[in-house]
Amino acid sequence: MLSRKAKESIKVALAMTIAYGISLSQDWDKPYWAGFAVAFVSLASIGQSMNKAALRMFGTLMAMVVALTFIALFAQDRWAFILTVSVYAGFCCYMMSGSKHAYFWQLSSTVVLIISLDAGPDPVNAFNTAVLRAEQTGLGILVYSLVAIFLWPNRSVSAFNAAATELARTQNQFYQACLGLVQGQGDVPEVRRLSTTIVQAKTRFDQQLNAAEIDSTDVWELRRTWRRYQQQEMELMQALERWRESLAEVEAQHLLRLLPNLETFGAELDGRLAQIAQMLGDHAPDRVLQIQELAFDKDALRRLPYFDRATVVVARSNMLQLEQLTRALFETVSELKGYGTASAIPDPPRSLQSLFLPDLDRLANVIRFMAIIWMSWLGLIYINDLPGGTGLVSFAGALGIAIANMPQVSISKLVAPAAGSVLFAGILYIFLMPTLSSFIGLGLMIFGATFAITYLYSEPQQMLGRAFGLAMFVTIASISNEQSYNFLSVATTAMMFPLIFLVYATTAYFPWSPRPERRFVRLLGRYFRSSEYLMSTMRWDPARPTTRLERWKKAFHAREVATLPAKLGSWAPHLDNWALSSTSMEQVQTLMTSLQLLSHRMERLLGERDKPQAPFLVQQLLEDIRAWRIGIQTSFKRLAAGPAAGGTEVLRERLNQTLDKLEARIKEAVDNTPDAQYSERDAESFYRLLAAHRGVSTALVEYVDNAAAIDWAPWHEERFV
Amino acid sequence: MLTPVPHEFAIGGVYLPPILIAAFIGILAALVTTRLLNRYRLSRYFFYPPLVSLALMIIYTVLIGTFIVGA
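Just so you know, the protein sequences line up as chains P and S, in that order. In case it helps, the numbering used here puts the first sequence at residues 1 to 721. In case it helps, the numbering used here puts the second sequence at residues 722 to 792.
One chain only, chain S, in its complex shape (with noise of 0.2 angstroms):
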C-alpha cells in the first residue's frame, strides 16, 4: 500500500511542518478517545490511565502521520 508522500501545510501563506499536524489531530484524537472512555465507565479497566493517555497520544499521531497526512 502507498502511503502519502510527506509535504508542507499551506495555511495563509505560512508553511507547517505535517508532523505538526499530525500531533494536532492526534492529541485530538486522544483526546476525544479518553473523554469517551471515561464516560463509559471503560477507564477503570486501566491499571495507570495517564501513561495510557500519552500513548494514544503518540499511536495517533504515528498513524495519522503515516497514513493520512504523510509525516
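Next up, chain P with everything else stripped away, as it sits in the complex (with noise of 0.2 angstroms):
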C-alpha cells in the first residue's frame, strides 16, 4: 500500500511528465514554463491546489497585460520601462505582504519581469511571448487539475470539518481554563499555551475554508454563512483574550462576591461552545440556547475602591460581550449543520476605510525589492557577459519578491538548497539527458526526477528545498524538442547564483541594518514613539473638531501599537546568540507578552477616551488625568530612547503614587456630588475610563520590569553577520 507521500510525488511527477509530453508534442517553445506551473501549485488537496493555481493563472493573465502595456509605451525609452516595471513590481512587492491573494502579486511581479526581459529587447514578439507564458501557465495548471482530480483524489471537506472542530474544541478549552482562573483553580501557563495553540488553530482553519469552499460543493453552496462564522470566530478568539487579560486585574473573590450568578452564567456558556464543537462534528445538540443574565450586587459594589469597582465593571462586560458572541456562533453553527436557522442578524457593515495607511515595513521591503531590481538590471546593461543575462535579473526578481518579504530569513539559509538543487539538476542534465534518445526514455527520467524531488521534501517546513529542486531541475535541462548540451548552460547557471546572493546580501542593508537584534530595538522605539504620540493625542478636547490630518497620524499610529507587537514576534526567534548570551528566549518571550498587554490596554484606552463622559466628573478629574498621561507619555519617551531606559523603581513609585491620588480625588469629587447629576451608565462608563487608565500604567509597569531583566548592552554592539 502506497503512503500519501508517495501517492502525491506520484500526482506531481506524472503532471510535470504529460504537460512536457503535450508541450513537446505540439512543438511550443519554452516547456519548462508549464513544468513551473506544475511544480509550484502541487499541493497537499485538490482545493489548496486549485486556489493556488487560480492565483497563478491570474497573476499571470494580469502581469500579461501590464507587461504589454508598458513594452506598448515605452519600447524606445530604456530607462522610463526599467522605471515603469520596477514600479509595478514594487507595487506588487508592497500589496504581497498584507493580501489574501499574496501569491497573485507574487505571479504577477515576476512574468512582468519575464515577460519584459524576454520581450523588452525584442518588442516585435512581445505578444507571443506573454501569450505562450500564459498558455504554458495554463497547460501546466490544467494537467495537474486533471491528474488531481482523477488519481487518488484528496478533498479538503475532511480536513476542514477536522480543523473547524480542533478551532470550537480548543477555544471551548482555553475558556474553560479562563473560568478556572476566576473559580481559583486555574493554571496560568496552561492558559497561555492555550492561547497560542488558539491562533494556530484558527490559522488552520482560514486555510482549510480558502481550499474548502473550492472543492465541496456543500461549502461552496454555504460559504456566506462559513464567512460569517469564520469573522464570527475572529470576534470571539479576540473577546476571549480581552476577557483573559481583564481577569488579571481582578480579584477572583471580588468577581464571586458580586456576581452572584457567575457560575450559572459561567456553565452556560461552556456548555454552549461545547454544542458548538459537537455540532461542528455532526452530531445534533443536547440543549438549547438559554438566556443569562449576569446581574451586580450593587450593595457590596459600592464598598470596593474606585478602581476595583472599575475592574469588576470591565470583567463583567467582557463577559457580557461573550454572552453575545456565543449565541450568535451557536446560531451560525446550528444554522450551517441544519439544526436550527439563525435570527436575522444584519451583516455587519463594511468598514471603507477612507484613509490609506502605509505600513513601514512593507514599504522597506519594497525598497529592497527594487534595490534587487535595479543592481541586477544596471548590471546587465554595464556589465559585459553577465552569467545568465536576462535570467539572472528575472531569477532575481523572482525570488526577490519573496526574500524581501521575509527579511528575517538569512541569505546564508538558501545557499545549500541553490547548490544543492544546481549540482542535481547538473548532474542529469551532463551525464544521463545525452543518453536519451525517445520521449519514453526522457518522461521517464522527468518523472523519476520530479518523484525524487517531491518525495523526498514533502515536510510543509522542507517547501524551500523542494522549490529550488523543481525549479533549477526544469530551468538547467531546458527540454525542448531541439535539445542542445552545453556544459557552459550548468556553469552559467551556478555561476549566477553567487551574484544573485551577493545582490540579495548587499540589499540587506537596504534600508536598514538586517541583524535581527537591530531590527527588533529600532521596531521597539518605533512602538514607544506610536505610544507617545497616541497619549499626546488623548489631551484634545472631545468637542473640538479634529482635522483629517490629525485623524490620520492617530489612525496611522494606533495600527502602529497594535500591529508592532506581533512583528517583534516574528522577529524574536532570529534573534542572534551572541545577543542572548545573558538573556533567555523565555525573557524575551515574555517582553512580548507584556508588550502585547500593554497594546491591548492602549487600544482599550482609546476606545473608551472616545465614548461621551459625564461632564461634571471630566471637570473634576480633569487635572489629575492630565498628571497621569503625562507621566505615561514621558514614559513612553524615554522609553523610545532606548528600551531599558524606564528605570522600574521610579516609574513604579510615581504611577502607583498617581494612581493613589486619583483615587482619593474621584472619592471626593463623588461624594461632594449628589447623585442627580450622574445616572448609573455615566458611572458605569466612568469605571470603564479608570479601568483603562490603569490597565495601560500596570501593563507598562510589567513592560519595564521584563525589560529590566534583560541585558541590552550586547544588542548595541557591532557584529558581523
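FYI, nobody ran anything at the bench for these hints, they're computed from the structure. If a hint is listed, it holds; no wrong ones were tucked in.
Partner residues aside, some chain S positions facing chain P, computed with beta carbon under 10 angstroms:
| id | residue |
| --- | --- |
| 1 | 741 |
| 2 | 748 |
| 3 | 759 |
| 4 | 765 |
| 5 | 766 |
| 6 | 769 |
| 7 | 773 |
| 8 | 774 |
| 9 | 775 |
Restraint ranges, calculated between C-beta atoms of paired labels, are given here:
| id | chain 1 | residue 1 | chain 2 | residue 2 | range |
| --- | --- | --- | --- | --- | --- |
| 10 | S | 772 | P | 357 | 32 to 40 angstroms |
| 11 | S | 741 | P | 150 | 45 to 53 angstroms |
| 12 | P | 708 | S | 772 | 30 to 38 angstroms |
| 13 | P | 75 | S | 767 | 46 to 54 angstroms |
| 14 | S | 784 | P | 576 | 25 to 33 angstroms |
We put the beta carbon where it would ideally sit given N, CA and C, even for glycine.
The task is to assemble the complex, starting from two chains supplied on their own in separate frames and drawing on the hints.
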C-alpha cells in the first residue's frame, strides 16, 4: 500500500511528465514554463492546489496585460521602461505582504519581469512571448488539476471539518481554563499555551476554508454562512483574549461575590461552546440556548475602592460580550449543520477605510526589492557577459520578491538548497540526458527526478528545498524539441547564483541593518514613539473638531501600536545567540507578552477615551488625569530612546502615587456630588475609563520590569553578520 | 620579488580564470576572519562591519591574486 507522501509525489511527477509531453508534441517553445506551473501549484489537497492555481493564472494574465502595456508605451525609452516595470514590481511587493492573495501579486511581479526581459529587447515578439507564458501556465495548471482530480483525489472537506471542530474544541478548552482562573483553580501557563494553540487552529481553519470552498459543493453553497462563522470566530477569539487579560486585573473572590450568578452564567457559556464543537462534529445539540443575566450585587460593589469597581465592571462587560458572541456563533453553526436557523443578524457594515495608512515595514521591503531589481538590471546593462544575462534579472526578481517579504530569513540559509539543486540538475543534464533518444526515456527521467524531489522534500518546512529542486531541474534541463547540451549552461547557472546572493546580501542593508537584534530594538523604539503620540492626542478637547491630518496620524499610530508586537514576535526567533548570551529566550517571550498586553490596554484606553463621559466628572478630574497622562507620555518618550530606559522602581512608585491621588480625588469628587448629577450608566462608563487608565499603567510597569531583566548591552554592539 | 605568472586553472578539463579562484579563496578568508573577529568580540571596535567585510574580501582577493594564484 502506497503512503500519502508517495501518492502525492507520483501525482506531481505524472503531471509534470504529461505537461512536458503535450508541450513538446505541440512544438511549443519553453515547455519548462508548464513544468514550473505544475511544480508550484501542487499542494496537499485539490482545493488548496486549485486556489493557488487560480491565483497563478490570474497573476499571469494580469502581468501579461501590464507588461504589454509598458512595452507599448516605452519600447523606445529604456530608462522609462525599467522605471515603470520596477515601480509596478514594487507595488506588487507592497501588496503581497498585506493581501489574502499574496501569490497573485508575487506571480504578477515575476511574470511582468520575465515578459519584459524576454520581450523588452525584442518588442516585435512581445505578444507571442506573453501569450506563450499564459498558454504554458494554463497547460501546467490544467494537467495537474486533471491528475489531482482523477488519481487518488484528496479533497479538503474532511481536513476542513477536522480543523473547524479542533478550533471550536480549543476555544472551549481555553474558555474553561480562564473560567478556572475566575474560580481560583486555574493554571496560568496552560492558559497561555491554549491562547497560542487557538491562533494556530484559527490559521489552519482559514487555510482549509479557502480550499474547501473550491473542492466541496456543500461548503461552496454555504460559503456566506461559513464566512460569517469565520468572522464570528475571530471576534470570539479577540473577546476571549480581552477577557483573559481583564481577569489579571481583578481579584477572583471579588467577581464571585459581586456577580452572584457567575457560576451559572459561566456554565451556560461553557455548555454553548461544547455544543458548537459537537455540532461541528455532525452531532445534534443536546440543549437549546438559555437566556442568562449577569446581575451585580450593587451594595457590595459600592463598598469597593473605585479602581476595583472599575475592574469588576470591565470583567462583567467582557463576559456579557462573550454571551452575545457565543449566542451568535451557536445560531450560525446550527444553521450550517441544519439544526436550526440563525436569527436575522444583519451583516456588519463593511468598514470603508477612507484613510490610506502606509505600513513602514512593507515599504522597507519594497525599497529592498526595487534595489534588487535595479542592481541586477544595471549589472545586465553595464557588465559585459554577465552570467545568466536577462535570466539573472528575472531569477533575482522572482526569488527577490519572496526574500524581500521575509527579511528575517538569512541569505546563508539559501546557499545549501541552491547549490544542491544545481548539482542534482547538473548531473542529470550532463550525464543522463545525452544518453536519451526518445520521449519514453525522457519522460521516465522527468518522472523519476520530479518524484525524487517531491518525495524527499514533502514536509511543509522543506518547501524551500522542494521549490529550489524543481525550479533548478526544469531550468537547467531546458528540455526542448531541439535539445542541445552544453556544459556552459550549467556553469552559467551555477555562476549566476553567487551573483544573485551577492545582490541579496548587499540589499539586505536597504534601508536598515538586517541584524535581528537591531531590527528588534528599532521596532521597539517605533512602538513607543507611536504610543507617545497616541497619549499626546488624549489632551485634545473632544468638542474641538480634529483635522484630517490629525485623524490620519492617530489612525496610523494606533495601527502601529496594534501591529508592532506581532512584527517583533516574527523577529524574536531569529535573534543572534550572541545577543542572547546573558538573556534567555523565555525572557524575550515574556517581554513580547507584556508588550502585547500594553497594546491591548492602549487600544482599550483609546476606545474608552472617545466615548462620552459625565461632564461633571470630567471637569473634576481633568487635572489629575492630565498629570497621569503626562507621566505615562514621559515614560514612553524615555522608552522610545532606549528599551531599558524606563527605571522600574521610579516608574512604579510614580504611577502608584498618581493612581492613589486619583483614587482620592475621585472619592472626593463623587462624595461631594449629588447622585442626580450622574446616572448609573455614567458611573459605569466612568469606571470603564478608569480601568482603562489603570490597565495602561500596570501593563507599562510590567513591561519595564521585563525589559530591565534583559541585558541590552550586547544588542547594541557592532557585529559581522 | 617575482610574482606568479597568471594562468588558468584546469579542473576536470574545465578551465577556470585565475581571478575566480582568487575571489573564491578571498571570500572564504574574509568569512573566516570576520567569524574570528566576532568570536573574540573585536567586531565591536569597527564603526560599520559590513563595509569592513567587503574591504577584507577585496584585500584578500587582491593579495591572493597577486602573490599566490597569479591573477
